[in-house]
Amino acid sequence: MIRTIANRLKWNTVRCFTQTCSINSDAFLCQNATSLKDDQLADIKESEIKEISDPLRFPDYFGVRKLFRVKDLFDARVHYGHKDGTLDPNMKPYIFGSRLGHLIFDLDKTAKMLQDALNFTAHIAYRGGIILFVSHFPQHTLTVENAAKQAGEYAHAREWDFHIFTNSEKVYNGVTRLPDLVILLSTLNPQMQEHTAVKDAAKMCIPTIGIVDSNSNPNLITYPVPGNDDSPAAVQLYCNLFRDAILLGKSKKPVVST
Amino acid sequence: MKTENTPHTTDDTSLHAFWCLLVQILVKSSKKMEIIFRQTTLSVGRSPIFSSFRNTGFGKAFERLSLLTHKSTRDEPDIKFATLLRHSKFMQLGDPQGKVIEGKIVRVVGNDLYIDFGWKFECVCPKPLKNERDYVRGSKVRLRLQRLELSTKFLGATKEITLREADAHLIGIVRTPFRT
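Chains as they are written, first to last, in the numbering used here: chain A, 1 to 258; chain B, 1 to 180.
Just so you know, these hints were derived from the structure itself, not from any lab. One should not assume that every hint holds.
List of simulated lysine-lysine pairs, DSS-like, C-alpha gap at most 25 Å [claimed, not checked]:
1) B:Lys80 - A:Lys71
2) B:Lys89 - A:Lys71
3) A:Lys92 - B:Lys80
4) B:Lys80 - A:Lys109
Being a predicted model, the structure only gives us computed values, none of them experimental.
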């Protein structure tokens, strides 16, 4: 009798151990549960056991909120803008203020918009979309291309060839699949004019995410992220965040068993 | 063990022994559960390998230090942007004209030094003729700021044109990796 009770105790402890392990290994789901409203928590408890079929039901399915904090943006100098004289009027809502002529971005607004952008990226990656990183500043070429390589996606960090979106069949000599998302690390080219990719992506109905500095126009960009696009530290942070969001989206991809 | 004052029958002693054993097992398993729970909830990079070192000096030190790094990145409450900005060096600086700051050389192109001092842009200074060997990538230098951004309005333009560069004079060297 003692032996069976001891065995049963052992079995119970093992079961508790496996339960705690499984809950903590599915950390994304647990973290998402805390970020959702109460009426949706009931849904979560059922779907923890079964697979979640529709990621679009949740505001932050991939947990992109956990990728960064406002302090990380601050340390990467994301809040620094250009001078008063270079301000584009469309950027006024995102400016916190001006310190002796130098504009400062409101990082609370930036954080919210960056979250939306990262969430969108993760969803596109989850659905197997092609993502193109675009930047034209020579000092950021290596950063951008490395990030794209690590994410398993594409980058165009050189001089933009005209017609590669609008006349792709002629340029590439065949039917081409255009990217499903264009991430612009800077919406200006070295001549300080709007990058052609912004207009062309809008023409081809490709959604764009763009880091807009205080001298850029955010109007044609689907998910603008107001912030610094000149400092190497800031660009490195953006590249890391977008790469992580893509990898998060890809990791949750449903594996089709053949 | 009280055997003289409390009279036990043979059945009672075995039952008593069983309950003692049961309590011991429960206590041990709950302790183990606590350890396992703590490990699995707190661990981001801690492996169960180190559970065997728990009671040794190394184990205790490792736990203490890993908790420190873990806390500093994730368990701190979110600081508001307004607070961060108010206590930043940029606000302390005030008017940049004439202020002495320290920067780090990030790139050397021919005779030009590209110096990063924590601002949005780098400043470009010509390499001084005195102690030329000290000015290498990674050297810490002292600068006197003139302007934080070189941007002016050309005649007839509505918007300014920016050079994406700061303006500073190189005063001297603080530390160079060339000389220890």
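Honestly, which of those hints from before does the structure not fit?
Of the numbered hints, all hold.
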